[in-house]
Amino acid sequence: MSITSQNADFINLEGCNSIPLTESDYYIADYFADEDEIRNRTRTSVHRSSFRHHSTVSGIQENIPTIKNGACMWINVTGVHDKILLSNISRQFKIHPLVVLDIETNEQCTKLDIIEDALFLVVKLIYPDQISRKTHVEQISFYVKENILITFQQNPSHIFDRIKNRIRQNKGRIRRSKIDYLFYSLVDTIVDQYMDVLDIANTKLETIDHQLMQHLSRDTLETVYDLKRDMLDYRRLISPLKEIVNRLQKEEETQIIQESTIIYLKDLYDHVVQVTDTIDTYREMLASFIDFYMMLNSNAMNEVVKTLTMISTIFIPLTFITGLYGMNFDNMPEIHWKHGYFVSIGLIVFITLCMIFYFKRKRWL
Amino acid sequence: MSITSQNADFINLEGCNSIPLTESDYYIADYFADEDEIRNRTRTSVHRSSFRHHSTVSGIQENIPTIKNGACMWINVTGVHDKILLSNISRQFKIHPLVVLDIETNEQCTKLDIIEDALFLVVKLIYPDQISRKTHVEQISFYVKENILITFQQNPSHIFDRIKNRIRQNKGRIRRSKIDYLFYSLVDTIVDQYMDVLDIANTKLETIDHQLMQHLSRDTLETVYDLKRDMLDYRRLISPLKEIVNRLQKEEETQIIQESTIIYLKDLYDHVVQVTDTIDTYREMLASFIDFYMMLNSNAMNEVVKTLTMISTIFIPLTFITGLYGMNFDNMPEIHWKHGYFVSIGLIVFITLCMIFYFKRKRWL
Amino acid sequence: MSITSQNADFINLEGCNSIPLTESDYYIADYFADEDEIRNRTRTSVHRSSFRHHSTVSGIQENIPTIKNGACMWINVTGVHDKILLSNISRQFKIHPLVVLDIETNEQCTKLDIIEDALFLVVKLIYPDQISRKTHVEQISFYVKENILITFQQNPSHIFDRIKNRIRQNKGRIRRSKIDYLFYSLVDTIVDQYMDVLDIANTKLETIDHQLMQHLSRDTLETVYDLKRDMLDYRRLISPLKEIVNRLQKEEETQIIQESTIIYLKDLYDHVVQVTDTIDTYREMLASFIDFYMMLNSNAMNEVVKTLTMISTIFIPLTFITGLYGMNFDNMPEIHWKHGYFVSIGLIVFITLCMIFYFKRKRWL
Amino acid sequence: MSITSQNADFINLEGCNSIPLTESDYYIADYFADEDEIRNRTRTSVHRSSFRHHSTVSGIQENIPTIKNGACMWINVTGVHDKILLSNISRQFKIHPLVVLDIETNEQCTKLDIIEDALFLVVKLIYPDQISRKTHVEQISFYVKENILITFQQNPSHIFDRIKNRIRQNKGRIRRSKIDYLFYSLVDTIVDQYMDVLDIANTKLETIDHQLMQHLSRDTLETVYDLKRDMLDYRRLISPLKEIVNRLQKEEETQIIQESTIIYLKDLYDHVVQVTDTIDTYREMLASFIDFYMMLNSNAMNEVVKTLTMISTIFIPLTFITGLYGMNFDNMPEIHWKHGYFVSIGLIVFITLCMIFYFKRKRWL
Amino acid sequence: MSITSQNADFINLEGCNSIPLTESDYYIADYFADEDEIRNRTRTSVHRSSFRHHSTVSGIQENIPTIKNGACMWINVTGVHDKILLSNISRQFKIHPLVVLDIETNEQCTKLDIIEDALFLVVKLIYPDQISRKTHVEQISFYVKENILITFQQNPSHIFDRIKNRIRQNKGRIRRSKIDYLFYSLVDTIVDQYMDVLDIANTKLETIDHQLMQHLSRDTLETVYDLKRDMLDYRRLISPLKEIVNRLQKEEETQIIQESTIIYLKDLYDHVVQVTDTIDTYREMLASFIDFYMMLNSNAMNEVVKTLTMISTIFIPLTFITGLYGMNFDNMPEIHWKHGYFVSIGLIVFITLCMIFYFKRKRWL
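Chains as they are written, first to last, in the working numbering: chain C, 7 to 371; chain Y, 7 to 371; chain D, 7 to 371; chain E, 7 to 371; chain H, 7 to 371.
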């Protein structure tokens, strides 16, 4: 029974049991779904070629390599749309069919399930598209059981590269720790990614703030509403993580989370809180922008209407007077007065002064 | 004592005790109220004829067929308005009169009651009307007790057909499980139906979003408010289900829910959360649409009023000047000047330039 | 010591101990305050004459009739403003002075108190006035202790007539049950009354909805705000009942609520939830009406201002041109051109076409 | 060591140990800070002279009079700004320095502290100023310990006069009860005062409601916003009391609250709930007023703009026509037609009728 | 191994073990990061020179001075950007690397962590900039363990000077208490600082309130929105403190908080509540300002548009009449009437009176 689908590549990094590592044995395996399909699906700016650079494509093995007692194994599956690959993996590690269903779909919301002795975590990876400046959302699932951590991604990404390098170079605490620390490190990487995404949003917010002070075009308005919707999405995707990290700290049933990792989970919790707080702040800032713009608009409108009213109120009566003496009646005594014209000019000036006085009193000037 | 009303049909599928099924004995019985009445009441697009196709109308029996120990029975009652049918059923299965009252009425809100050793669940089926593109709401009641599950519908529908087929063909887990898994499957079907309804709403939302960018007619406005009201209704009908599924997971009193089904209930819970989250998102999107439209409107209004003001502010004073020299006074020295006309034209041009300069400074141009 | 005030009537229905009832002895006593005063106070549409029809006015007795062991007694006091009647009753049944104070006042909000071995419930009866189409609010207090239930009303009403008849005719469960079932029945009657009041509100809502589509007059606007205020009042009066009925289900201290009645209280709870849900829905609908009207208004305003602007923008420049050639300067070369008039007409037509083209481009037409 | 500051008056009512009271010995002592200072500070409408009327200024004593076992003592301190008086009192009764700090300041929010065996309650007295129709807020602190109750007021007021009289005349339950009942009575008096303040607000609300129906002046608008701010303040000051009274009912640590007083605290709780409910209702009413006014305003604006548009739309084209034939071109054939004038009049009438027809169709008329 | 970075100064006040203090030995040590860097970073109005005045720069020691049993030590580290200094301190006191990370960053939100036997508190210091009238936010971290309290500041400030002086002069309770009281005093100082910042905000609010009554310029509008954003920030920074101080009161794990300090923490809690309440009040006041301004604006707009409409409605028809008789048709009978002119004047007056009457009836005048 083959563990992979026809085109799945088995990438085994440092995990050859012939090269035992000093402190603890760490196996990393990268499974890929059909490459062509991935390539078609991948419209993100991730440079696939550079990604393949540091991974060794091994042959397909019948079974999972037997791992030593106490050694940790991280299996990273890319391309959850490949049903054969997925079913092979799930059969090998006895993953519950409902869990497999959750892994497959992209619609699943952020959640943590405890299934017998395994932890199943679904989080959303949010990453910016450098070209369109929009953000994409991808589902990453974690399945942790004893010493084995399986991660499921939809598309190939660089997100876990830094962690892989650290394990390979034996930097940091990961190689000296149990699987739970690796689990923490991966989730932490995703949360850090949220911060980067929010930094981009922050830049946009500052641009809007600047534009708002001068003139709000329809484009800016649309950017405001796009950002508002993004923040709405982010909050929906990220806010459950708060409760989840909290539960992980207290999780004792599966005995996966070690005592020593809890302090790191506390730190992770602080990060998640920071992210959700930032989102809420941005949301309130956007609401404030709209309010502020509405007030500016209303102020400007008032000014415009006042100008119109003043001009009309002054000139319409004057025009009436000129019309009056423009009539062609035979018998109009004023017309034949010697100073009639100058009297009418005087009347016009007088009315204008009255109007200006009236506007002054009304504080329109 | 007859269990059915005069016109009720007793449909017994695979449930003849003479044909025992391998894994567990499963009895399905479909009771119908007076057909004519149903036909009159049914204005939905459900094609009744095709519905009757795969059901066998059996004769009316005095009593419920005795079922083997451990066998499960599902009785599906269609047409809760038929009081005789309902009272027969309730007497047979000793259903509490208040529960019967809840089944009868369509006004009951979504709820779960535990009555001694029985579970009583009321949920709302929401299904779209293909013709009017509106949605209808119907009440479906579940009464679960030991190995018996009774469902009560108002009108005949295809909603449970897939489940019936799966039982008949012995596909999936249902035949191998207890009644609680069937109960879960039926509720899950209804929740899946919610998703379909929300998909239709989503299509409408996208149409509105597109129309909004150009011009918002009164019709679109009414669609927005209709959708808003629908979302309000859906939230009211569906949100109690969240708490209910949660309670079902912990329900131990009646011993109906098996340990093995809890993982499916967790999955159901995730689905319900997803539905309510989607509803909330749609609600916020609709609110955002209205806000956005208001701002566009306000922006457009501003533009219009500015145009009006500019035209008026430039031409009203000019018209006054022409009126002035259109007066018929005998003694108007300027009129007889040789270049009087050209001086007045010059004045008009000068005033126009001043105005344009003023508007430039005010950023109206 | 007389139990009643000077003019209080003692109405004893079926409660003469000489006529024992089969299943359980049930005593009903109606006490009335000074009739004249009640008549003056009663400006509602309750037909007093028909009310007196089925009640027997008995003489005033010194003491409460001794009741058999296990028999239930319901005393209905009408006219809580009669201090002497109230103090007599309270002395007889040892009601705490603070409770009496709560009964007396109409300002008390809906609440449940447990005082030693007695339940004290204050609810609000809301009933429509057929003439003015407004609703009146009246306080009804329940005092339950062992086998005795005392109800206190402000004005005579038909609200409990149906229950009285059912007891008299020995219909339903009341006569076969303890006092707690009667208590439930009475509160249920009041909650049913809420539904009727909300039905009237619903009719009004539909009328508004219909009017809104055409034209919103000031009157309709006032109806909207009156309804909004009514809903606010209803929510304030009814929403505490939810918590109260919940508490009653768990109430074990006083041993008044029997195990068998709890299922009825659950049903009552569902009804209360339904009422409060309906109120919330109506509130949101009203808010939605106002929003919708505001948008229609804003839309209409935009149309009007656009029309004004178009007319002004086209004709004001044209009028300026006519004014220009209406000036009386001696030396105006164009005037004496042979085709001057037709050239000016041509200019006017050209300007008009330009304007129309501009409006087309701006999508105002 | 003197217990009072230089000018503090020691007022001992009925508390001379030589006059033992029948049921329980009740001592009331009124301490005053420097009178001149109080007089300067008191700009309220409290008539100081009448206040002094029923108090006996005693000499200053070194120590608190020793009180009999079981006797209750109420010390009422007026003028918390007098640091010497305060420090004397606090030293005598061993009040914690932090509590003294809370008493001194006026900024403390409503709160209940349990300090060892003493209760410390800070509430706000709200009283109307008869002249300016505004309300003043003053802090009243209660310190209860065993049989001693000390109240601290900022300015002299009549608020506790009724209670003092009741004790002096031995009316009501106070003299027969422990110190906790006195404590309840005093807090109840303050809560009753809230009701009076809200009654004044209610009168204002009704005036606004009436004015709103006709015309909303700037003054009324300011009253609305003043009331809104008042309601905001009241809610902030009063709402913590709800929780506090609730806690007092369950307070068992200090053994100050007797079993028999709990029913009175329940009643007090009902009153506080009523006050906060009323405040919320008023807040919603004010919000509703503003909404309603905005809609009326918007409606009126629409009417005005429609009128403007109709007048302009009808007359501007007509004026253009008159302008056209007012031009002085030599060669204008129409002018010399015999019926030219009447044709132009006909044209004008025709255009007017077209316009009116157009407005009818647009429902502007 | 040196405990400080190259330029860090070791300031030891009264902490020379050769001068033992009477009640308890109190050591205060001030560590500074590179002065030049601090000077560059410090753009606040803190006068550094005066700050150095009362501190003695000691030499750098290898180790922390050994402290007597029961003596307390307070180490104040200024300049958390100095990585060498920070790592030395953390190594000496065995501070967890994650805690060091939290100290270093300025982005950490307000929080309390309990790490084994140590308390780690992060709060935000908000202080006004006297020149720009804006506020700066700085992070202050507290690390408490047994008898040692370490505070970490970003920039030098005077905030703790008063406490240092009190310790030096042995005033107040600090020298007689354990380290927890010092901890409380320092946090209390920061909370008091919040009050000062809110007082400045209050002044701004009053200015706005005053300006609003006359005219709202764009500048004031921006101040309103700046204040709104400030309040949003403050609430985010300060509100977690409420929960934190509450937790500190109940904290028993680390045995740092003494029984006697709890009453002071209660007081601190009241202060924090007061601060957050004030912020909420200010937020609601700002919202109310904007609402009020919008209504004033809308009112003023109405007035302006009414004026425009009245002038136009009166004069446009009149101008039409004058235009009519200004036409040059040969055959216009009215023109040659003897009283034609006066009849037309009469017509004009009549129309004007009709209009005025119409406006009166419409209540526009």
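Where hints are given, some of them may not hold.
Pairs count within a copy or across copies, as identical chains cannot be separated in the list.
[Unchecked claim] Pairs of lysine-lysine residues, derived as BS3-like cross-links and limited to a Cα-Cα distance of at most 30 Å, are as follows: (1) 344 to 89; (2) 100 to 248; (3) 210 to 368; (4) 100 to 368; (5) 117 to 272; (6) 117 to 366; (7) 89 to 210.
Since the hints were made in silico from the structure, they are not lab data.
Quick rundown of the hints versus the structure:
no.: 1; hint: 344 to 89; in the structure: neither (104 Å within a copy, 89 Å between copies)
no.: 2; hint: 100 to 248; in the structure: both (29 Å within a copy, 29 Å between copies)
no.: 3; hint: 210 to 368; in the structure: between (42 Å within a copy, 27 Å between copies)
no.: 4; hint: 100 to 368; in the structure: neither (82 Å within a copy, 65 Å between copies)
no.: 5; hint: 117 to 272; in the structure: both (18 Å within a copy, 11 Å between copies)
no.: 6; hint: 117 to 366; in the structure: neither (65 Å within a copy, 53 Å between copies)
no.: 7; hint: 89 to 210; in the structure: neither (40 Å within a copy, 32 Å between copies)
Violated hints, listed in ascending order, are 1, 4, 6 and 7; each of the other numbered hints is respected by the structure.
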